[in-house]
Amino acid sequence: MKISKRRQVLALGGLAAFAAGYSETAGRMVGKLLGKDAPKHKTAGDAPEPEFRIDRKGNLEVNPAQQVSYTTCLGCTTMCGVRVRIDRTSGKVLRVAGNPYSPLSTDPHLPMKASVRDSFVAISGYKGKGLDGRSTACGRGNAVAQQIDSPYRVLTPLKRIGPRNSGQWEPISFEQLVKEVVHGGNLFGEGPVDGLAALRDLKTPIDPQQPALGSVVNQVAVLSSVNDGRENFARRFFQKAYGTINFIGHGSYCGGSYRSGSGALFGDMKAMPHCKPDFSNAEFVLFVGTAPGQAGNPFKRQGTLVAKARSEGKLSYVVVDPVLTHADNVASGDRGRWLPIRPGTDGALAMAIIRQLFETDRIDRHFLSFPNAELARQNGEPSFSNATHLVVVEPKHPRERRFLRASDLGFELPEEQRYKEGDAFVCLDEAGQPVFSNQAKGACQLLVDSVLTVGGKEVRVKSALKLLQEEAMRLDLPAYAAACGIPADTLAALAQELAAHGKRASVIAHGGMMSGSGFYNAYALMSINALLGNINWKGGFVANGGGFKDNGEGPRYNLDSFPGMVKPAGTPLGRNVPYEKTAEFAAKKAADKPYPASAPWFPNAPGLTTELLPGGISGYPYALKALVLWSSNPLYGVTGLRNKIAKDLADPKKLPLIISVDPFINESNAYADYIVPDSLMYESWGWVAAWNGVPTKAMSARWPVIEPKADKTPDGQAIGMETFFIALAKAMQLPGFGAGAISDPEGQTYPLNTPEDWYLRGGANIAWLGKEPVADATAEDIILSGVERIRPLLEKTLKPEEVAKVAFLLTRGGRYQPGKDAYDEENPEWMRNPMKAMAHLWNENLGAAKNSLTGKRFTGCATWVEPSFADGTPVGKIYPAAQWPLQLVSYKSALQNPYSIGATRLLSLHPENPVLIHPADAQRLGLEMGDLAEISTPTGSLKARVMVHAGVTPGVAAVEHGFGHRELGARAHRIGKAQQPENKHLAAGVNLNDVGLIDPTRPDKAPWVDSVSGAAVRNGLPARISRA
Amino acid sequence: MNHPVEILGFAREAAWLPWAVQYFFLIGISTAAFFLSLPGLVWRLPAWQGIGRRALLAALVCGLTAPVALLADLHQPGRFLNFYLHPNLGSWMAWGSFFIPLYLIGLLLYAWLCLRPQLAALAERGGQLSALYRRLAYGGHDSPGAIRAAAVVGALGALLILLYTGMEVMVVEARPLWHTPLLPLLFAVSAVSGGLGMVGLFEALIGQGAAAPLINRWQERSQWLTLGLLAAWLLLAVSGLAASPADALAAMRGSLGWLLSAAWLLGTTALTLWLARSRRDVLLWPALLALHGAWLVRWMVFMGGQNMPKMGASTHIYALSLSPDSVLGIVGMAGLCLTVYIILTSIIPWDDRAEA
Amino acid sequence: MSSHPDLSRRAFFTALPAVTAGLAVPAQAAEDSKPHWSMLVDTRRCIACQACTMACSMENASPEGEFRTVVATYAVSTQEGKTGLAVLPRLCNHCEQPPCIPVCPVGATFKREDGIVLVDGERCVGCAYCVQACPYDARFVNHHTGKADKCTFCSHRVEAGLLPACVETCVGGARIFGDVNDPQSDISQRLKAAEGKTRVLKPEAGTNPHVFYIGLDDQLSGRVDGVSAADMMWRPGHQGG
Ligand SMILES: Nc1nc2c(c(=O)[nH]1)N[C@H]1C(S)=C(S)[C@@H](COP(=O)(O)OP(=O)(O)OC[C@H]3O[C@@H](n4cnc5c(=O)[nH]c(N)nc54)[C@H](O)[C@@H]3O)O[C@H]1N2
Ligand SMILES: Nc1nc2c(c(=O)[nH]1)N[C@H]1C(S)=C(S)[C@@H](COP(=O)(O)OP(=O)(O)OC[C@H]3O[C@@H](n4cnc5c(=O)[nH]c(N)nc54)[C@H](O)[C@@H]3O)O[C@H]1N2
Ligand code: SF4
Ligand code: SF4
Ligand code: SF4
Ligand code: SF4
Ligand code: SF4
Ligand SMILES: [Mo]
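Protein sequences, first through last, are from chains A, B and C. Going by the working numbering, 517 is the number at position 517 of the first sequence; the sequence numbering is gapless. Going by the working numbering, 1232 is the number at position 204 of the second sequence; the sequence numbering is gapless. Going by the working numbering, 1429 is the number at position 45 of the third sequence; the sequence numbering is gapless.
Take these hints with a grain of salt, some might be off.
Below are the BS3-like pairs computed for lysine-lysine, each with C-alpha atoms no more than 30 Å apart in a straight line [what the hints assert, rightly or not]:
| no. | chain 1 | residue 1 | chain 2 | residue 2 |
| --- | --- | --- | --- | --- |
| 1 | A | K308 | C | K1576 |
| 2 | C | K1418 | A | K42 |
| 3 | C | K1418 | A | K127 |
| 4 | A | K308 | C | K1495 |
| 5 | C | K1586 | A | K40 |
| 6 | A | K40 | C | K1418 |
Facing chain A, according to a computed beta carbon distance under 7 Å, are these residues of chain B, among others [what the hints assert, rightly or not]:
| no. | residue |
| --- | --- |
| 7 | A1260 |
| 8 | L1264 |
| 9 | P1352 |
| 10 | S1354 |
| 11 | L1372 |
By construction, these hints were calculated from the structure, which means they are not laboratory data. Please read these numbers as outputs of a predicted model, since none were measured by experiment. Each residue gets a CB set at the ideal place from its N, CA and C atoms; glycine is no exception.
Hey, can you work out the whole structure from these sequences and the hints?
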């Protein structure tokens, strides 16, 4: 036999090809030989053994290889109570479900007195208990446990190498971190940097010419996200011990406009109280720019309650939204309806409803007519409004647009108390006589337009309700309809439906208010509730039950104050104070040109991250010297901010020191000089109240149900926000930390050296609040709930009598008021935990304030204004629809949140966020499902895939939020010698905020915000789309 | 636009990978080639003798490689033991696991019996391998009776293989493209054209080309049959007389991919037919086209059939990739065939000069 | 301190096996009859949150991108141009006449007396014939194991007296699981209450599913004649992934 060379080559080639093709199979064959082919379990495959077993009699047997603990989810800001199932050997979280004691996860929730054993039975199949008492975690809540083991976690302190944002880091020791951050020096070979010690200058003014700005310490700002149950610890350090006034959360780019609108209604535009529908008993709810089941706070609880109420209860609802959301469900027929709206025009919808309520005389006159809380209650109303209070409308009067007060009518008051709380309002009683609001004996007149003699002068006054009515009557229904794109008869029908259900109807809003007219849209929508008289009614508009305060001057420990505590002072960098009180105003006024200010001021807003960064970097009103980002990601979350500051942020000369405390590298702290690891979700301590939407008191516990993964400090504590701040405090010898920092009512003192020192004592405060302290946890509770793991810490830290009570809270994952306590004992139609604030149909602080760019006054009641820029110029004037035919809006993903992208199981189900456009627009633009399109706004453009369906208002392009990441794994960083893994899928999709607008009317050319609330504008961005 | 739009959906990827296409393709060709060898090698019809040798070679090359592809689709070749330890006789696939060895035993026996005299002759020639040839020849007798008996076993195995490969796919009601009695027929007919193609190819490579008209005549017939079956399917589908074809057609409607594939299949089938008919002396082109057709039918049936969603609107279009389960696998199988071909043709001459 | 519980190590071990006999019988089963497990999905209560999808994926440690259950979500428009959201939670139907079983060449897939259709992973050869035969696309070949995989009704949990993971965590309360042989069970009661209004997927397939639906949308109960946004997206765990 002879085989030619050529044939040999061919044969070998064939064989090689075969080998390559068959390699995988061959590998598997070897696997089999090595015994890898057998499943873990014959039929259950890779599923771990169940955590416990329950038999037909309800007996429980636990699996000792696993731990089941109740703690809190941080998969979104809802922060539900959850049960975490852990493999004891590996410490790996196997799965997460709900905590049956928590109303955020369970409806109805289990009473605290149920033992842990009972709680396990309650979620089991035993007698179908687990169906009725179902306790859940949402899709994200299930998947985010994956992030614990993420390869992108920061586990050791990092210091940047090379320029900012270059993605290169050097791991450093905790000691080095603290030393450098405190003392500064030539840290990066770029010249000297002031450390935190030098910057904690409480005496030297930032600018001697402007003492109102405060001292140098204010040049250190701290940005946090949401109160995750740990914020007060951070505030204790940075505000009470360190002393800066600039510590703010994410409110201004969360739902700031809505909160401000609600704050206007309830008369507090700093704390901004708000209500939610009483889902369980509501008959009709109008959701405007917030969709239950899609997102919202509490995301899961709302979803559960709405699903139940629409299928088995009495609820029907309408969701007004430019986008079709998960609130809709065709199977429930007309119980839930979607009403598309043009972005940013909700004020028109609201004012149309208000007008219609007036015109058909369906306002709740009874409720509105009582001018104080007491009188209202006596007359069967659990809340009250200022509808009857009189407002000075006399032009040029010094009190113009403010309420007429008792002192104006000669009531004697010390000067400093005038126009404050004790200075009553004035109403007209039914006989037409002026009466002080706190002295009225009966209903007062509702619609007043009259002239009173005040201080010997004739002064024209109108009641708050009258002013609102006039504002509503300014336009007719067709005009409102034209503005919002909803037919006039639909608007009228909505008013009728709301009125028909009265106190069991309500109007709620949230993120959809983040438009260029968001504040007034929200105020108008919230005002409808007052007109319906639904506040504090069962089935109506109800307050959050609140929590149990852990960190106040509590019954066991004083976690509030301490000797040497600083009271931060000065002007906040967010400029949320009146411009008219600044030195700049005085100077400009002297020059006879008081307006415009160099950048807008927001006297009726809370702290503003939106404004802090652009201002602090450009030095207006003063410059930032150090920025601390704690679990905060403004560059990803604030619309348009990246365009404005990313370049400057990279320049250490503009902002010398950036420190971040975060478990991940995000879009913002990628610019940091130092990143300090923080505990992630189930590793953390904390006490956290429900954000809203739970009518009973609820305080969820966070405790390290798993060992924190981060490296340890020299004394063996896991590195995190608390241990870092404690070390900083000690290094700078600040008060409030270390030995003797905590006191109890008996005057004994205790140290604050570890997180447990704080949180466990906070737990003791919670345990002892209320009529009587909570019960003791049993040994069995402690063992079954895994609290056993940290029992030594409890025993070491707490007084002996406190151990079992704090353990009681930890074993149950918090403290929760029983569900039946939602309603008032005496009057079951009223809520037990009421909204105490008066409903403000006219808000004088608002009405008297002026736009700092134009000097024009703001309207003091609900009104409809079209989306506008800072100086009041309507958006369409500058960016006409002819050139910018589409409007971009943003909506929250039902699956993702802004930082869950690393939960790859979520991503594997829903891998990206194509931009949604209506088929009519698609046709016009020649776009089809899946096409790549270029989306441009006046400030930027991005490339995105389009999704086409009719679930969006024509003329709108909708972007699901949570994608388009540049960090959180989307970019692989180099840490020391190690390179993070590449995973391009984490960068999938787009982020609307990358094309956010710069407001062309602002002298400082900063991102577009609502001119009253200062909140980011992410809805209704003028845009155009073309095929890419 | 009143069609629902799936905002979040999910499609299963194809569970039968190109390995399955390869297996069905190879085993089909092998059986067809086996039958094509019978007139020449069993009945010793002179016109078929050359064809018979090339057909036997084709049956061997494809028959030896097909099971390798099949095992690959099991994800874990060692698992095949379970087929014999726990057979479920209600499943066509279980039967397949018996038919394959039956056929292969028949085929190998038949081949050996046919080749014995030639092996003996090779041993006579001397050389390094003559001892091996001698042992293989085991006497070297030409035993027509034994050949006939082995052919019966092989033919039975081959028939059962054609039956089970068709039935196995046909019974899957959940896949409308598969669930039609026309499918086993189509598989069988296209196996024959593939077999003719392979024989034609070998004829072109090894033989004298004298058999070309004969092969092409049969090729023409089988292409006509293929067209007929396709037409029958279309008729059933369009008329709605049979539910599954109608369903399948509905699922294809509006898909450019299907339109192009169908057009390609029909076009190439017609071209093969035309070539076989009008260029009776040409071997290579109709052979390659016929092989391509037989392969394409299986690709479209398997990969296309699995693309049609059973639930929802999402399709998981199978995309060829450079992974072992895809292009590499296909190339790998071709490589194996080539290697086997080279080995077989190296140890035994298959041309007409060598005596049978 | 008397109120201070005894927290010794010993207590740990004494508390754990505080069990009585009879744990073999799952908690949901009725006293006298053999259970027959089924699921009822009330689509009106589904908010498409995919908690079920994710819980299942975690519980069963499924490979990423391969799901035993998914809640398909659709934008559907009426003739009048009104658009709404429709959902379809999908999983194995644990059919009474399951076409996946007879095809299995090695008898690895089987239906238990309690109605649950399972795959014996020790015997399965990964031939995927059952995957082809299932009319509901409920099955797949698991990328990790190379064997048939599908919803097990979480039999390992059900046997332990627990609920399936997807049911436990169903945020809308849309998934009801239980024993249809027990007239007192939640599912029996609800099925009775919904008499005549429950439906199954592809009844024409003759599979007799034991996953029942309330509010099932006709156009979604099989292959959907429409477009899918999923088609344009990257698919994890698949080629090029
Ligand atoms: N276009 C658009 N923009 C938006 C929104 C939108 O819908 N559309 N939504 C807005 C809303 S409502 C909000 S609230 C903001 C949110 O924006 P931010 O509050 O700035 O931040 P997040 O991105 O939610 O999370 C901040 C950081 O928290 C860290 N983190 C996550 N889990 C943990 C943990 O367990 N422990 C600790 N210590 N840190 C953790 C993450 O690493 C992340 O970097 O974005 C807003 N931006
Ligand atoms: N699934 C999920 N849940 C979450 C979160 C999450 O990330 N994912 N985040 C949590 C957080 S931090 C928050 S603040 C809440 C926010 O919860 P929501 O406020 O309810 O959510 P958003 O998506 O911010 O906005 C609500 C809706 O407003 C619509 N919208 C946009 N523009 C307009 C408009 O001009 N008018 C009207 N009427 N509607 C408009 C959007 O389409 C969107 O559906 O959700 C919390 N829950
Ligand atoms: S709603 Fe938010 S907090 Fe609650 S389980 Fe889901 S992700 Fe976690
Ligand atoms: S749904 Fe499919 S896998 Fe499940 S039992 Fe029915 S046929 Fe079998
Ligand atoms: S994949 Fe496994 S269970 Fe399915 S048919 Fe094949 S052997 Fe049976
Ligand atoms: S029953 Fe278990 S396996 Fe089946 S879908 Fe639900 S969680 Fe997944
Ligand atoms: S968990 Fe329940 S409500 Fe959520 S998607 Fe699944 S079935 Fe629907
Ligand atoms: Mo938020």
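Subject >> Structure-inconsistent hints, enumerated in ascending order >> reply: 4, 5, 7, 8, 10 and 11
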